Amino acid sequence: MSDFHQQALQLAAQQQSPVWLQGLRAQAAIDWQKVIWPTRKTEHWKYTSLASLQKSHPVLLKNSASQSESLSNSWQQDVDLIGVDAIRLVFVDGVFNAASSTELSADVVLFSQANPTQQAVIQQHLGTVICGDQHVFATLNNAWVNEGVLVHVPRGTTLSKPVYLVQVATITGQAVSVNQRLLVVLEENTHAEVIEHYASTAGQQNSFVNALTEIVVGDNAQLQHYRLHLEEENIQHIGAVHVNLMRNARMRGFTLAHGSRLKRIDYQINHRGPGADLDLQGVYLPRNKQMVDYHTNVQHWVPHCTTNEVFRGIIADSAQAIFNGRIYIHPLAQKTLAQLSNKNLLTSNKAEVNTKPELEIYADDVKCAHGATISQLNSTAMYYLQSRGISRSEAEVMMSFGFINELLQQVAEPAVRDYLLPRLALLFGRDKVLLEAAE
Amino acid sequence: MLRIANLFAKVEEKEILKGLNLTINPGEVHAIMGPNGAGKSTLGNVLSGREGYEATSGSISFNGKDLFELSTEERAREGLFLAFQYPVEIPGVSNMEFLKASVDAKRKHHGQPELSAVEFMKLARETSKRVDLDQAFLKRGVNEGFSGGEKKRNEIMQMMLLEPGLCILDETDSGLDIDALQIVAKGVNEMRAAERSFIIVTHYQRLLDYIVPDFVHVLANGRIVKTGGKDLALELEEKGYAWLEDEAV
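Residue numbers (my numbering), protein chains in the order written: chain A, 893 to 1331; chain B, -10 to 238.
Isolated chain B (complex conformation):
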């Protein structure tokens, strides 16, 4: 599914990722934890192709394709999805219109016809129910005036509509109360499938009680410094990251 080899990347002239290696097979859920400034969000942005996040060496192959050859939108259409830590508010652009444009773009890319407005609205309404998001939000501007929890549920809803092969959740749990966290986790768990993989970026072990990972990686100083099973998260919760950073040096 995804193979990252010896990845170096910089943001505004500052090197953030320093030789990162990660391989993800279909159906796997990988949690990435680590201290502030370790490069967790940078990884998500590099994978998604954000401007200003420049890979300086190394390689990333996604479903056998060189990811660096693809634009941001092509990566999305190929099935890479990044749930934002801070979903962007775009007043004036209707959420419904945005969601349809996004689904249509993917369908077109795969040679499928665009959905009619009526078909799409039905689908969108059904999906909004799955994340417990009131249909009124479909009519609003994209994320406009949404609470933190509503924004994250809107992200999960987009994920459900786009049915990506690789879902990257960038600190989706930040700013969520327990109820919202459970809804988000339930949505993710429903999406788990043999052909779909997840990268869950988080600071806290709590989310992993709800979304149980196959692997837990610790990202520190731009590299993966330790990999383990779900128990590693518990150990980190107890001991913090400092001992690993010391080990890594």
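Chain A on its own, in the form it takes in the complex:
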């Protein structure tokens, strides 16, 4: 057992949580002892090394109100928030920060403040959306969970505003661990919008963020979900989004990640009710010596569901990206429509991408397509731009940005688009004013 493994167990024992969460935690602690630490020989960790994490000694900050008050708010100078009129929950180094948050609503609560009905919802769903036993860090998150956010929209009600969850890592020097947990339960005929934003202050961060989200989209319910990983490069982030889509449920998901020392995000999405519809788009942009690893696994268990998944990455400098996208069509899932596309742009000779689209089909009446490309820029388009007087280097930047801008333009929440567009444009040296004018 590694230092990390051992210490994680001790930390799990030290956590204080509501009594009704203790069963889950105790079981997870037992499971954690049996967990086999992933190495490069583990299928789903082939390209991503956990060596640096394994050597770290995690420390968890206590999630108590008194401590959150005393924390510095200087992070606000470094991190801009998305300008969205929302129910906002800000966590600083994993600790809820009431001062930076808005008032919560009846449907959006912290686990520690859940009423008995909500406690029942949490107990019913927490840990149950997680699929499969290969999610080591889900087990860890369960073992550590002492606080979290519940978004529960009961049947026939609506959520008045989007939910905006922010986690900012601020502590330097010390290797702090952050155990973030979100549970979204949309009952029948409801709709909601949830934005997860992971950020860090500038400087030498050494945090480990384990952010786990579970989502149940009920019959005829609709969810817009955003998950943005905008942390600076020393952050180690291992995150996952586990989703159950019920009958005629609809989810539009968008995720974006800058690279960092270690960044691994899993999407596990299950079509569990006929007629469910998933639209998932992702963008990853590692630079320097950063890495990003996205693993997605969409499972069609029942007939008549659709999946449209598009991921694009631009890998610059000596950065590395991993994309493993799997769509699994179970025998019962007739009339499935599924598409998966992954395109990568390498802008340097030292950039690396490992992409693997996987389609496993065990039903005979389905329409599926998948594909991955790794390319340099389109030479005809390059010639076209140059023939208009635009220099080669300028054309390269324009086209690189265009490659992801295509996806950004489809982001449904204007506030998210308006937040990302100028920041990414800046990353590619584009003129912000012109882009905004072109809206």
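Rather than coming from a laboratory, the hints here were simulated on the basis of the structure. Note that the coordinates shown come from a computational prediction; the quantities given were computed from them, not determined experimentally. Mixed in with the good hints, there may be bad ones.
[To be verified] Derived CB-CB ranges, DEER-like:
id, chain 1, residue 1, chain 2, residue 2, range
1, B, Pro102, A, Gln1066, 46 to 54 Å
2, A, Thr1272, B, Phe57, 18 to 26 Å
3, B, Asp220, A, Pro1306, 41 to 49 Å
4, B, Ser60, A, Ser1267, 19 to 27 Å
5, B, Asn(-5), A, Ser1267, 57 to 65 Å
6, A, Leu1318, B, Thr216, 51 to 59 Å
7, B, Tyr75, A, Gln1016, 56 to 64 Å
8, B, Tyr75, A, Ser1210, 48 to 56 Å
[As the list claims (entries may be wrong)] Computed far set for chain A versus chain B, every beta-carbon distance over 10 Å:
id, residue
9, Asp970
10, Leu996
11, Asp1310
[To be verified] Partial list, computed: chain B residues near chain A (C-beta under 10 Å):
id, residue
12, Phe70
13, Val82
14, Phe87
15, Leu88
16, Asp93
17, Ala94
18, His98
19, Asn132
We treat Cβ as the ideally placed atom computed from N, Cα and C, and that holds for glycine.
Assemble the complex: chain A is given as a structure, and chain B must be docked to it using the hints.
Okay, now just chain B, sitting in the frame of chain A:
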């Protein structure tokens, strides 16, 4: 303006142009016609400097400069403009941004300051009206989802914004209906000026009813085999190219 002397050029090891001569003076409109595979599009691409289109011998001087010494983008900034037969779709790159980058590149080359975003947008909107292109197209990706006619009008709009000295229109009439053809022709005619020359590459005489050329050349087998006035186009329409190819041998 442009002097092409004994030009040989190959594309992917295949010799396409075989001793082409052409001189164009300021203000002239030259139509180049000819059968498929004669080298018409190759000429446009060689002039514009497309990668893979290699001149093996001969010379081209453009406003007194050796064209082969200039990169594709430098040729554009010096005032050479090629309207593409198939304008390229570049999703994600805003048309507005593309047009401004292109105009700025030229202005910078000539020692003029870049236009402000506001100035440029005003100019772009005015110009889009001249080619009857809805302003919504400025916001879209470059040529993204444009119809054939809209793409060609976007080409003419770029030409208007860049105010080139030499405009090469490579089968701009292909795929256009009569209305779009007239808009394109009107745009070209508005641009005609004493200091500006045109090379109109086309298969059909029809376009030349709207853009009346000073000279008509027949390009066959990599060379200009016949030159005449605008009436030559009518003769070609009637007789085809075969008689000229026979003559050329």
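Evaluated hints:
{"no.": "1", "hint": "B:Pro102 with A:Gln1066: 46 to 54 Å", "result": "holds (51 Å)"}
{"no.": "2", "hint": "A:Thr1272 with B:Phe57: 18 to 26 Å", "result": "holds (22 Å)"}
{"no.": "3", "hint": "B:Asp220 with A:Pro1306: 41 to 49 Å", "result": "violated (60 Å)"}
{"no.": "4", "hint": "B:Ser60 with A:Ser1267: 19 to 27 Å", "result": "holds (23 Å)"}
{"no.": "5", "hint": "B:Asn(-5) with A:Ser1267: 57 to 65 Å", "result": "violated (39 Å)"}
{"no.": "6", "hint": "A:Leu1318 with B:Thr216: 51 to 59 Å", "result": "holds (54 Å)"}
{"no.": "7", "hint": "B:Tyr75 with A:Gln1016: 56 to 64 Å", "result": "holds (58 Å)"}
{"no.": "8", "hint": "B:Tyr75 with A:Ser1210: 48 to 56 Å", "result": "violated (37 Å)"}
{"no.": "9", "hint": "Asp970", "result": "holds (29 Å)"}
{"no.": "10", "hint": "Leu996", "result": "holds (38 Å)"}
{"no.": "11", "hint": "Asp1310", "result": "holds (15 Å)"}
{"no.": "12", "hint": "Phe70", "result": "holds (8 Å)"}
{"no.": "13", "hint": "Val82", "result": "holds (4 Å)"}
{"no.": "14", "hint": "Phe87", "result": "holds (7 Å)"}
{"no.": "15", "hint": "Leu88", "result": "holds (8 Å)"}
{"no.": "16", "hint": "Asp93", "result": "holds (9 Å)"}
{"no.": "17", "hint": "Ala94", "result": "holds (4 Å)"}
{"no.": "18", "hint": "His98", "result": "holds (7 Å)"}
{"no.": "19", "hint": "Asn132", "result": "holds (9 Å)"}
Checked against the numbered hints given earlier, the structure breaks hints 3, 5 and 8 and satisfies all the rest.
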